[in-house]
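K.L.:
For reference, the chains in residue letters:
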Amino acid sequence: MKPEALLHPTPAGLFCPIGRFHVDPVRPVERALITHGHSDHARAGHSKVLATRQTLDIMRIRYGEGFAGSEQAAAFGEEIDIEGVRVSFHPAGHVLGSAQIVIEKDGLRIVVSGDYKRGTDPTCEPFLPVACDVFITEATFGLPVFHHPNPKEEIAKLLTSLKQFPERSHLIGAYALGKAQRVIRLIRDCGYSEPIFIHGALARLCEYYTGEGIDLGDIRPATIEKSSPEAFRGAVVVGPPSAFQDRWARRFNEPLIAFASGWMMVRQRAKQGGVELPLVISDHCDWPELLSTIEEIGPSEVWVTHGREEALVRWCELKNIPARPLHLVGYEDEGD
Amino acid sequence: MKAFATLLDRLVFTPSRNGKLTLLADYFRDTPDPDRGYGLAALAGALDLKSVKPAMLRELVLERMDPVLFQYSYDYVGDLAETISLVWDGTAKDTIDDDHQPRLGEVVVRMNSLGRTEVRSAVRDLLDRLDTSSRFAFLKLATGSLRIGVSARLAKQALSDMSGPGDNRKDVTEIETLWHGLSPPYEPLFAWLEGRAEKPALATPAIFHSVMLANPVEAGDLEKLDPLDYAAEWKWDGIRVQMSSYGGTKKLYSRSGDDITGAFPDIVEAINFEGVIDGELLVGGTDRSNSPTRTFSDLQQRLNRKSVTGRMLDEYPAFVRAYDLLFEGDMDIRARSFFERRDRLADVIERAPHDRFDLSQLVPFTTWEGLDRLRVAPPDPVIEGVMIKKKDSPYQAGRLKGPWFKWKRDPYNIDAVMLYAQRGHGKRSSYYSDFTFGVWAETPDGEELVPVGKAYFGFTDAELEVLDKFVRDNTIDRFGPVRAVRAEPGFGFVLEVAFEGINRSTRHKSGVAMRFPRIARLRQDKLPRDADRLSTLTAMLDAKTGPG
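From first to last, the protein sequence lines stand for chains G and A.
Just so it is clear: in the first sequence, position 273 is 273 by our numbering, and no numbers are missing.
Just so it is clear: in the second sequence, position 277 is 277 by our numbering, and no numbers are missing.
Looking at chain A on its own, in the form it has when it is part of the complex:
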């Protein structure tokens, strides 16, 4: 438990991706089986631990402690698990010596073997035997919330790192291919990563397979390519999914490999084929129905849910617009050409239920200029650009430059005013590099700048120097790590903010939320009074959702 606790402590405070990878790879290398496997499962969100309710933890701590002193402590710390880990009057001494404390694997097995009535005394006993940071790790696991900024993908990248360098290094896509066929504590996986055993065999292809990704079209990319070698499809504004069906097992995965089967029974139940299909998850009607494809905002109603109500299913019916076939039955056809895979996909989709599946249509074009004209004026508001795919390309996991491109409509742009700045992390910890920006809006107190978003990239290092200096020279207030800066009609800093899309939001006071906002340019040539108004943003919103 100690090794995992130390890892969590470091990860919490390490903002950089590379730093996290180093910490994770070292942990996987140095920690024995089965502990590292359970640690991996916890990080990847694949650990099923009997959950402990906060009320029970509170009762346990109050068995030994004055409630007033506990309340003072909790008020100060603010997080229940952390408060309990710190105030717990246990017998274990803080130590870097791991030998006298329960191991992670032992804790997981023990917790999951308990009956309901035994949980309380088992938790009390564990809290006694663990030291402070291990107690914290245990409580975070037991209450089911790690929140340390590590994705499953990052953990797998670290596995790849630990297997190398050298000939033995396993690619992360290979690990991804195996991932969903394995379960904690992943001993065969580690044995293979360390070159001690053959690659684990998969029982079924109905697992997640790493997806093929496209590169954005950049200046000069297309001139070198012959349009006749490529096909184009509309790029719909939904989410990328993978459908896997084999031997009665039907699964729906997000593009990062999360199992979202439970949230989309309408789609999963309609699957009548065997194989693995890549496509776009959308809400509304298919091409073969008479109702339109609906917006990303509507799709959001169905996302991030574990289960779904009948009403949601009626109001926001989901479907998949298929664009690739990886497995036909149990036959891996990823090495075949895009056109061959597409022909086979067309047959599968033709036989599949028409209200839940359709085939992504090809966009005919002969020149890049012609495709560009179609791209900027698409026939449907839910289209966000075109995908360009090389006709003879195999399906290759990862983001290879060449076979697939995405060519989006130009991103949205507004001029906004810097309102607050916060220091960054790591390399940027001495710079004010996170900026909250606002636009003008009519408020009960007259025209005011209202915050509409936050951006922390898009600028160059030289531009960051300029931004940082402005913040330091024009701070008018401080709130903890945040500085408020001067922002008046005649004085302030105008930022050109680019973003990919805009949605209604009830969480933001302004009522809008941007997707991927970034600072496109510093507009020192403009004054805050020249910045955009909130109505510009709401108009973008209306334009987007209007026809849908």
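Chain G extracted, bound-state conformation:
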């Protein structure tokens, strides 16, 4: 069987015609297999959803009860039969509950890795390499310029800045699911035990992470109504980046804007966003990790879903690994 007969791109997303299911579909479908809870991958309105328990929980938090017609939880490693196609979920190391999805039939095995990373992250299970014929990879940071530094060194920059500018509120932009909790956990691991204030958009997800056994320490809502801007002198505040360009940010004392993202590697990009303290912390692979993952798994073919496909495809060509871009639409290039 040709791999395209088992899985191929459609406008709604990757589709398995034999099992009649989509992976991370961008529009409502009959049966959806979801890799992780980020909103460009996990959308509401599918009839049936198969995902890890934690991804299902996160979808419920974001979209409410009834986010899908019916739901089924997949445990890591459990084999599930869908119309004669064998599927299983394996940790992707991206955010809590994130999974790669393995699709197998007649000895052909395709791995949809979803978004993934190889660096250590105490807030989720580490990526598990699965041998396969076709490896489908993202390429968010698929350019040789991206080398993510050790995240603890990035947090060290933050802690230095807190000492240098003790009067300023340090506002850290971080996506609400995954990045925010990882950053808070990292700050704790670097020995910072003061309260950390969070934007309302983060509250329920932080609570969920805590419930899943990830200790975030003393976190408090950053509500000004109850306290004066003075209360936030020298405080660490975490919120979604969009909030910092909004009136919301005016409540803080001389806010110093930090942003935790892999994009912060490129200075002009960081500067344009008005960021004063870029923290290069990413939940995606950097360039060397993308390459070493492909080398480690050794697939006979690589498909690239979204991001900077051209450079990764070029590298595969230089290594004589057949590769092609899938040109899927609907996934955020900005997502990190």
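Careful, some of the hints might be misleading.
Away from chain A, derived, C-beta distances all over 12 Å, residues of chain G [what the hints assert, rightly or not]: (1) P17; (2) V102; (3) A131; (4) G191; (5) A201; (6) C206; (7) T293; (8) L326.
In silico lysine-lysine, DSBU-like type, Cα no more than 35 Å apart, as pairs [stated by the list, open to error]: (9) K271(G) - K50(A); (10) K406(A) - K390(A); (11) K251(A) - K391(A); (12) K469(A) - K271(G); (13) K271(G) - K53(A); (14) K526(A) - K469(A); (15) K319(G) - K152(G); (16) K408(A) - K224(A); (17) K163(G) - K199(A); (18) K454(A) - K509(A); (19) K406(A) - K526(A); (20) K224(A) - K401(A); (21) K306(A) - K250(A); (22) K319(G) - K2(G); (23) K401(A) - K454(A); (24) K391(A) - K224(A); (25) K319(G) - K53(A); (26) K271(G) - K509(A); (27) K391(A) - K250(A); (28) K163(G) - K271(G); (29) K48(G) - K105(G); (30) K53(A) - K157(G); (31) K50(A) - K157(G); (32) K390(A) - K224(A); (33) K271(G) - K152(G); (34) K271(G) - K454(A); (35) K199(A) - K391(A); (36) K306(A) - K271(G); (37) K199(A) - K50(A); (38) K250(A) - K408(A).
Calculated directly from the structure, the hints in this document are not laboratory data.
C-beta: ideal position from N, C-alpha, C; glycine also.
Put chain A on the given structure of chain G with help from the hints.
P.N.:
What follows is chain A alone, placed relative to chain G:
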């Protein structure tokens, strides 16, 4: 190198002056000699590093990398030094640990000791041994462009900050006085700043001395003062310079202490005196010649050049209109009165070449009202106001309130329409506070608003709230961080823009460039159709350059 690299990274992203000062002072305090001295030199533009050409860097990176992948990377990043720092496949791991990387002082000494043929392998070796951000710092130093928004003056202010607080604190003017007599890595300077050694002694007075600055006249200032205690001079529209000559060394410095000797051989060669003179650099003829003083636009032809052609010297002859004498020979006379210094200056200038030097004339007056009448109708279009100086005042560096005032002609004003807005930095990062404004002009497509300038201050915090709200409520398009706002004849936001002067510009589409534009008032009482036309601005231009 790591400490300097970290400093650069922070400075690039820190817009506020105070924030930069904190970062700089901490760097000078925490970094050992000689590294901090070379860091200071790099920031102040005083570091002479053997330069590396971009073509060589490109060749080095392509020795190890596929050209297609490099091109993708370069297209994405847009800056060669940054691209190379990021894609370089080196052995050094990113680390905050400084011990295993070459130090800045080591790098500077090594680079400058190399012969031409050794540069390539030395750069390759350094790139291998440095981590990403240090590689970036090194490449910026080697290609000769830091561009991080730190002036030499700011770096010196940070030196003053690091020496204090307390009795040991050294004033920035004192540092400025020493600056041009010292060279990297400035170890005696740091020893003195830290109270470990005496103040370094100067070998010659032919160095830059911090200048005395004037305060603008504000409402109520003059009523309290007796006109008889003061003298007045015309304020000419040139640039402030300091001439230093001693023991055969002749130098010309800008008001911030930059050495501009190389660009003005006509003046420097004509110096026949010893001492330090403060004056205005202008183009055209002196009082003692028959040709007029020419405009600032003409002077601009001679500015920001490292060297100058014979043709430039003929077409734009420069001269200095002297107004103060700081040193007579090697004698420091700054403590003497303005009138005494002026008498001595008059003698020096009398003996100096008449085509290159003249004495700034006094403007006789007996009352402030009388001086005001002269000020608003000066006898020459290149005059931009009057200077008022207390007759018995000594020459004191800095901007003391009282002894010297500048009383300019009223600034220019136009009504313009807000076209674009951009978010500010730091405290203002949640506000749209940088405004591009335009006026009406006849274009091939009919009457249109054409951008003529950009302003980001002049308004109060309360006014900023109003401006910000207008931008948020009336955005019609976004280009990255910039928002375009509604601007139609019957709807839009009119701003009264004040500015100090206007010049022709080939860089701006409108053909004019304003000096120091600021938002003087919000004119919500006006509609965009009432705003000024481009012809108003070009008329100001013509009025200014007409007689010259």
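K.L.:
Now look at each hint and say whether the structure bears it out.
P.N.:
The hints, checked one at a time:
The beta carbon of P17(G) is kept farther than 12 Å from every beta carbon of chain A, the shortest such distance being approximately 34 Å. With a closest Cβ-Cβ approach of about 30 Å to chain A, V102(G) is found to remain outside the 12 Å limit, as its non-interface label requires. Listed as outside the interface, A131(G) is consistent with that label: its C-beta sits roughly 27 Å from the nearest C-beta of chain A, beyond the 12 Å cut-off. At roughly 15 Å, the least C-beta separation between G191(G) and chain A is larger than 12 Å, which holds for a residue marked as non-interface.
A cut-off of 12 Å between C-beta atoms confirms that A201(G) is not in contact with chain A; the least separation is 17 Å. Listed as a non-interface residue, C206(G) keeps its Cβ farther than 12 Å from every Cβ of chain A; the least gap is roughly 24 Å. Remark: the non-interface label on T293(G) is consistent with the geometry, its nearest Cβ contact in chain A lying 18 Å away (cut-off 12 Å). The beta carbon of L326(G) is kept farther than 12 Å from every beta carbon of chain A, the shortest such distance being approximately 18 Å.
Distance check on the hinted pair: K271(G) and K50(A) sit about 29 Å apart at the alpha-carbon level, within 35 Å; holds. Taking the CA atoms of K406(A) and K390(A), the gap is about 12 Å. The hint holds against a cut of 35 Å. With a CA separation close to 28 Å, the supplied pair K251(A) and K391(A) stays within the 35 Å bound. Between K469(A) and K271(G) the CA atoms are separated by roughly 24 Å; this keeps the pair inside 35 Å, and the hint holds.
Simply put, K271(G) and K53(A) have alpha-carbon atoms about 26 Å apart, close enough for the 35 Å limit, and the pair holds. Note on K526(A) and K469(A): the hinted pairing holds, with a Cα-Cα distance of about 18 Å set against a maximum of 35 Å. For the suggested pair K319(G) and K152(G), the alpha carbons sit about 33 Å apart, so the restraint of at most 35 Å is met. Pair hint K408(A) plus K224(A) holds up; C-alpha atoms about 19 Å apart against a cutoff of 35 Å.
Of the supplied pair hints, the one linking K163(G) and K199(A) holds, its CA atoms being roughly 32 Å apart against a limit of 35 Å. A distance of roughly 13 Å separates the Cα atoms of K454(A) and K509(A); the hinted pair therefore holds under the 35 Å criterion. Restraint check for K406(A) and K526(A): the C-alpha separation of about 33 Å stays at or below 35 Å, so the hint holds. For the hint pairing K224(A) with K401(A), the CA-to-CA distance comes to about 13 Å; that is within 35 Å, so the pair holds.
Our distance criterion of 35 Å between C-alpha atoms is met by K306(A) and K250(A), whose separation comes to about 16 Å. With a CA separation close to 22 Å, the supplied pair K319(G) and K2(G) stays within the 35 Å bound. Distance check on the hinted pair: K401(A) and K454(A) sit about 31 Å apart at the alpha-carbon level, within 35 Å; holds. For the hint pairing K391(A) with K224(A), the CA-to-CA distance comes to about 16 Å; that is within 35 Å, so the pair holds.
Of the supplied pair hints, the one linking K319(G) and K53(A) holds, its CA atoms being roughly 32 Å apart against a limit of 35 Å. Of the pairs offered as hints, the one joining K271(G) and K509(A) holds, with about 26 Å between alpha carbons and a cut-off of 35 Å not exceeded. Simply put, K391(A) and K250(A) have alpha-carbon atoms about 29 Å apart, close enough for the 35 Å limit, and the pair holds. Proximity of K163(G) to K271(G) is assessed by CA-CA distance (about 22 Å); at most 35 Å being required, the pair is judged to hold.
Between K48(G) and K105(G), the direct Cα distance comes to roughly 21 Å. Compliance with the 35 Å bound is thereby established for this hinted pair. Under the criterion of a C-alpha separation no larger than 35 Å, the hint pairing K53(A) with K157(G) is consistent with the structure, at around 32 Å. About 32 Å separates the Cα atoms of K50(A) and K157(G), which keeps this hinted pair within 35 Å; it holds. For the hint pairing K390(A) with K224(A), the CA-to-CA distance comes to about 13 Å; that is within 35 Å, so the pair holds.
For the given pair, K271(G) sits about 22 Å from K152(G) by alpha-carbon distance, which is consistent with the 35 Å threshold. A threshold of 35 Å between alpha carbons decides the hint, and for K271(G) with K454(A) the separation of about 20 Å falls inside it, so the pair holds. Distance check on the hinted pair: K199(A) and K391(A) sit about 32 Å apart at the alpha-carbon level, within 35 Å; holds. For the hint linking K306(A) to K271(G), the alpha-carbon distance of about 31 Å falls within 35 Å, and the restraint holds.
Proposed proximity of K199(A) and K50(A) is supported: the alpha carbons are some 31 Å apart, at most 35 Å. Our distance criterion of 35 Å between C-alpha atoms is met by K250(A) and K408(A), whose separation comes to about 32 Å.
Hint compliance for this structure: no hint is broken.
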